[in-house]
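Going down the list, the protein sequences come from chains L and V.
All you need for our numbering is the position in the first sequence, starting with 1, plus 6.
All you need for our numbering is the position in the second sequence, starting with 1, plus 89.
No lab work stands behind these hints, which were simulated from the structure alone.
Even for Gly, the Cβ is constructed at its ideal location relative to N, Cα and C.
One or more of the hints may lead you astray.
Taking lysine-lysine and the BS3-like style, the derived pairs with C-alpha atoms no more than 30 Å apart in a straight line are [said to hold, decoys possible]:
1. 98(V) <-> 60(L)
2. 98(V) <-> 58(L)
3. 75(L) <-> 58(L)
4. 9(L) <-> 58(L)
5. 9(L) <-> 75(L)
6. 60(L) <-> 75(L)
7. 9(L) <-> 60(L)
8. 75(L) <-> 146(V)
9. 60(L) <-> 118(L)
Looking from chain L toward chain V, a few residues come up when the C-beta cut is under 7 Å (computed) [claimed, not checked]:
10. 45
11. 46
12. 50
13. 52
14. 111
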Amino acid sequence: LAKTTQPISMDSYEGQEVNITCSHNNIATNDYITWYQQFPSQGPRFIIQGYKTKVTNEVASLFIPADRKSSTLSLPRVSLSDTAVYYCLVGDPLMYNNNDMRFGAGTRLTVKP
Amino acid sequence: DSGVTQTPKHLITATGQRVTLRCSPRSGDLSVYWYQQSLDQGLQFLIQYYNGEERAKGNILERFSAQQFPDLHSELNLSSLELGDSALYFCASSVERDRTYNEQFFGPGTRLTVL
């Protein structure tokens with residue numbers, strides 16, 4: 007299982023673009039990269055998922071270089087409500103081969119006014 | 090609202106006891122996942138069921154067991170409870186369109202306190 011490494015915390019200000027990078031040097035061929043957002047005492051919420059290059063949806067972009075050993079979640083123009091913990095998850099989307107799927111510690115993003 | 094429901098919302102019990110947590114997935118979702126989140130362990134995957142059958146198993150203790158019923162709801166049974174089992178237990182479900190996409194929808198969680 008690919009282990010992920012993310013910064014423990016990040017600070018930003020309202021209106022700024024935030025980039026959170028996740029390292030996953032041992033990513034396997036079938037593995038996808040998924041990001042989740044979690045607010046205190048709530049279940050995580052899916053943000054975006056990708057395999058390679060760039061994926062964009064209405065809330066974020068995900069950049070994945072050719073070697074796939076890292077990925078960057080980009081949140082455009084953050085607001086105070088984006089303050090949350092962000093998890094990078096690497097694995098088989100259908101979890102056929104994941105016997106120990108861990109979210110890791112995540113990155114605690116604090117957006118300041 | 091993710092569409093995933095979990096009951097009860099809170100549960101307080103004593104060491105050595107047994108409890109059952111219940112999860113109803115979103116309509117149409119065949120996969121159910123269980124996670125444990127405690128302060129010192131983060132969010133940890135326990136087990137996954139797909140259409141009634143166990144598909145993947147994480148670091149689930151032998152004292153814990155789960156099942157998914159024909160109506161697709163799932164139950165997580167925790168027995169011989171210890172203080173360290175106090176945590177938030179989340180259930181998630183997914184539609185699993187294909188191997189290229191899998192979004193998990195998480196329920197609100199059950200907060201278990203073992204005294």
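- Message: Check the structure against each numbered hint from earlier and tell me which ones fail, lowest number first.
- Response: 1, 2, 10, 11
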